[in-house]
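Visitor: For the record, the sequence lines run as chains H and F.
Position one of the first sequence corresponds to residue 5 (this note's numbering), numbered consecutively onward.
Position one of the second sequence corresponds to residue 587 (this note's numbering), numbered consecutively onward.
Just so you know, the hints here were simulated from the structure itself, not pulled from any lab data.
We treat Cβ as the ideally placed atom computed from N, Cα and C, and that holds for glycine.
Be a bit skeptical, because a hint or two may be false.
Unchecked claim - In silico BS3-like cross-links for lysine-lysine, where the CA-CA straight-line distance does not exceed 27 Å: (1) F:Lys680 to H:Lys428; (2) F:Lys640 to F:Lys872; (3) F:Lys680 to H:Lys472.
Unchecked claim - The calculated label-pair distances, taken between Cβ atoms and stated as ranges, are: (4) F:Pro877 to H:Ile54: 18 to 26 Å; (5) H:Thr209 to F:Lys640: 53 to 61 Å; (6) H:Ile529 to F:Leu854: 57 to 65 Å; (7) F:Leu890 to H:Lys472: 58 to 66 Å; (8) F:Gly876 to H:Ile529: 35 to 43 Å.
To be verified - Residues of chain F clear of chain H, computed beta-carbon distances all greater than 12 Å: (9) Gly647; (10) Val738; (11) Leu783.
Each chain, letter by letter, is given below.
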Amino acid sequence: MNLTAQFFKFDNLSIFVGIFIGIFFLLITIYSFGFMWQRKKLIYYYSYLILTFISSLGAVFSNNLILFMVFWGFLGFLLYLLIEFAQTENASYTAKKAFIIIGGTDALMLLGLALVWRLTGSLQMDEISISLNTKVAVLAYMCLAAGAFAKAGAMPFHTWVPDTAEDAPTPVTAFLPASLDKLLGIYFLARITLDMFKMNPAINTVLMIVGSVTIVAAVMMALIQHDLKRLLGYHAVSQVGYMVLGIGTGNPIGIAGGLFHMLNHAIYKSCLFLSGGAVEKEAGTTDLEKLGGFGKIMPITFITFLIASLSISGIPPFNGFASKWMIYQGIIKTADNGNNLWIIWLIAAMFGSALTLASFMKLIHAVFLGQPANEQPRSNEVLTKAESMINKRRETSPTMWIPQVFLAVLCIIFGVFAYRIPLKMFIFPSLVEKIEFFGIWNASLATILIIVGVVVGIIVYLLGTIRKTRETEAFIGGEILEKQSNMRVSGTEFYNTIKDITPLGTIYGLAERKVFDIYHLGSIITFGFNKVLRYIHNGVLPTYLAWCFLGMIILFYILLR
Amino acid sequence: MIYIFYFLFFGFLLTAIIGLLASWIDRKVTAKVQYRVGPPLLQPLIDIVKLLGKETLIPAGSSKITFLMAPVIGLASVILVSTLLWINNIYPAKSFLGDLIVVLYLLVIPSISIIIGGFASRNPLASLGASREMKLILSYELPFILAILVTVIKSGFTFRLGEILTFQAQNGAFVRSWSGTLALIVAIICMQAKLALVPFDIPEAETEIVGGPLIEYSGSGLAIYRLMKNMLMFTVPFFLIIVFIGGLRLDGIHLLYGVLKYIGLVALMTVIRNTNPRVRIDQAVKFFWGPMTIIAIIAIILALLGR
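All chains, full assembly: derive it from the sequences and hints.
Guide: This is the structure in structure tokens:
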């Protein structure tokens, strides 16, 4: 047997993931030229990016589990190094947190590997086939799945994602947690679920519970965030829920939907992060209170952000709808097994999608529409031409908006031609089982009809007096907006009503005290042990002497008994 | 090409005509309740034509294209939904699996268009109104999906509107069962919120935030929103008629039944809207996530038990 075949495997699934890793690497590198302009130690930054790219490819194509673990662990370390490039105060804490959560679950994965070795005596991915009927097998699966969950950011190992999103440089977030880690985590979950283990309904149910809880809980957290990047980070968690849910359905259409959603998510989420980064670069902040009115200043970024946020909210005909719709079909298909839990999964998925929409409406208002935060002192006359020209010039540099536009166009193409391009070329070949569609959402026809509808609308406009428009000041009951600084609606307070509802208020309170943060809990436990040990080591000589004396007595007692 | 015909004729023209008529019924009944004479039959159409002739004002500093395109997107999606519903109603066999979910999603887009339009107005009152609209969507969407799922369960787990219709044609409308009735009640109340009618006209709340998201719209933009809202007054009840009360049939005496079903729903909406005060947004959220969701869950359990 030659070495390549032993250690590496090129099948349709890994090639498909590999292609997109390459695409994202290219786009992020182009974007970084603009975003990281004039920062220090860029040579390290770019070499880490390249190393990340290479080790992701290694992880995706490796067939030997040990080799896979080496690449996988290396990725966690590179993430740590890349987060350190941030210029915020919290960066080192965040990097440490991400490293500990990912490293900790890597340890679990090693345990899983050992169990797999014990069960089968092989570490070749394509040779392993374990049925989940013993406790050891279930434990091995859970350990490996924990690693996949932590990498992808599913609950309960999600807490590093929002922190990283907030602190790391935006291209790093767009590259690792938003796209590559999702691709890799879900790739590995698909590998173990589809190839290495034979699933049974109980484990599928566990996966679906994890998925549903992740969707709803993370998006509820996203609703109340005040920071652009942190909010996006929570969505990066929430969307993982859909992928896990899709894979957990255990039927081909659901799994295909989960994988398709993984791809779509990587596209629109990195588009969102890149657009958000463009705003950050321009405004110098990601605090939603201080943003506003960027739609007019940065039209390209606004449009890419709008398209990506409609995609993530699952609005037809964008790509998010196509994959969510396949996941729904998969969920409905599980009704054939005779249990009625599918209603809960379906509600979680559909309602989660409405919540996603809500939080993106908040973002769009707070960042791009609505009133700008620091009003330039201008009287209530309309912007002059010269002023608006100056404003126009503030669109980001081409190296930054070209990747954004490319990703936004992919969102549209993968939605409108879902069956002709992405599914046919990438998703279906990577699954062994044949997909039986019970219905095709004819996105192309719907798009044509929407375009006809828009034409109808424009005709209605042209029937009217649209050519004679006039600009006026906004009407606020006779008040003048610019003079009333307290009348600005920033958008951060939109969902306070929901935050105050009785049971939710308590949960939010607990979440803000990090009760659901596995890292925080872990550190409490660790420091709890430390406290006991620290109590012994109080640095007072008589105490130590007393301990020595006590030890001697015990020793003598045992020896001379 | 045939679809474009359906789209323009059924989806746009017919829906618009019926919607305008329904809006006339609504206004006439409201007038009668308030001891007024009420508008003549063509008044809703005259309103829109008049608005088209008015000057279009754009708030300073807003993003102009977003502001003007938002109504158009909303109108296009309403036309698309009603086309889907008409095709399903006329040829149940033509429906594709999952069109129920597609309809549910498309029905949200008009609200999104109002929200984006409101946000783009650069007016604090519009922003407030739009944020309320968003919270309203959040609150009614949960019981609404649950109520619609009742029909899915009762028709033997199909997500095809056409199959739901044929099932009802063979076995009687779902509204005749306990679970169907409960679900229809929930769905009607959700519809009231979806159409932003009193008591859930919180986003617009004329007396409080002066029309909310629509405050800056005038002339053609407002005309399109008015048209869209009037068309929704047909589309949403039509959807409920299809999934709960057996659809509209266009042959013989059934046509009369169909008209009666629709007028019944419109009259119900009007009565609810005329006999209730407006609630606050937090009350609405609690109402929909509390009692309404519980009733919908009860309906689902009943449906699973076969009642």
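Visitor: Now tell me if each hint is right for this structure.
Guide: Here is how each hint holds up against the structure:
1. F:Lys680 to H:Lys428: 24 Å, holds
2. F:Lys640 to F:Lys872: 41 Å, violated
3. F:Lys680 to H:Lys472: 44 Å, violated
4. F:Pro877 to H:Ile54: 18 to 26 Å: Between Pro877 of chain F and Ile54 of chain H, where Cβ atoms are some 58 Å apart, the hint is violated.
5. H:Thr209 to F:Lys640: 53 to 61 Å: Once the Cβ atoms are compared, 59 Å apart, the range 53 to 61 Å for Lys640 of chain F and Thr209 of chain H holds.
6. H:Ile529 to F:Leu854: 57 to 65 Å: 58 Å, holds
7. F:Leu890 to H:Lys472: 58 to 66 Å: 59 Å, holds
8. F:Gly876 to H:Ile529: 35 to 43 Å: 38 Å, holds
9. Gly647: 6 Å, violated
10. Val738: Contrary to the label, Val738 of chain F does not stay out of reach of chain H, its closest Cβ about 8 Å off (not over 12 Å).
11. Leu783: Correct as stated: the minimum Cβ-Cβ distance to chain H is 20 Å, above 12 Å.
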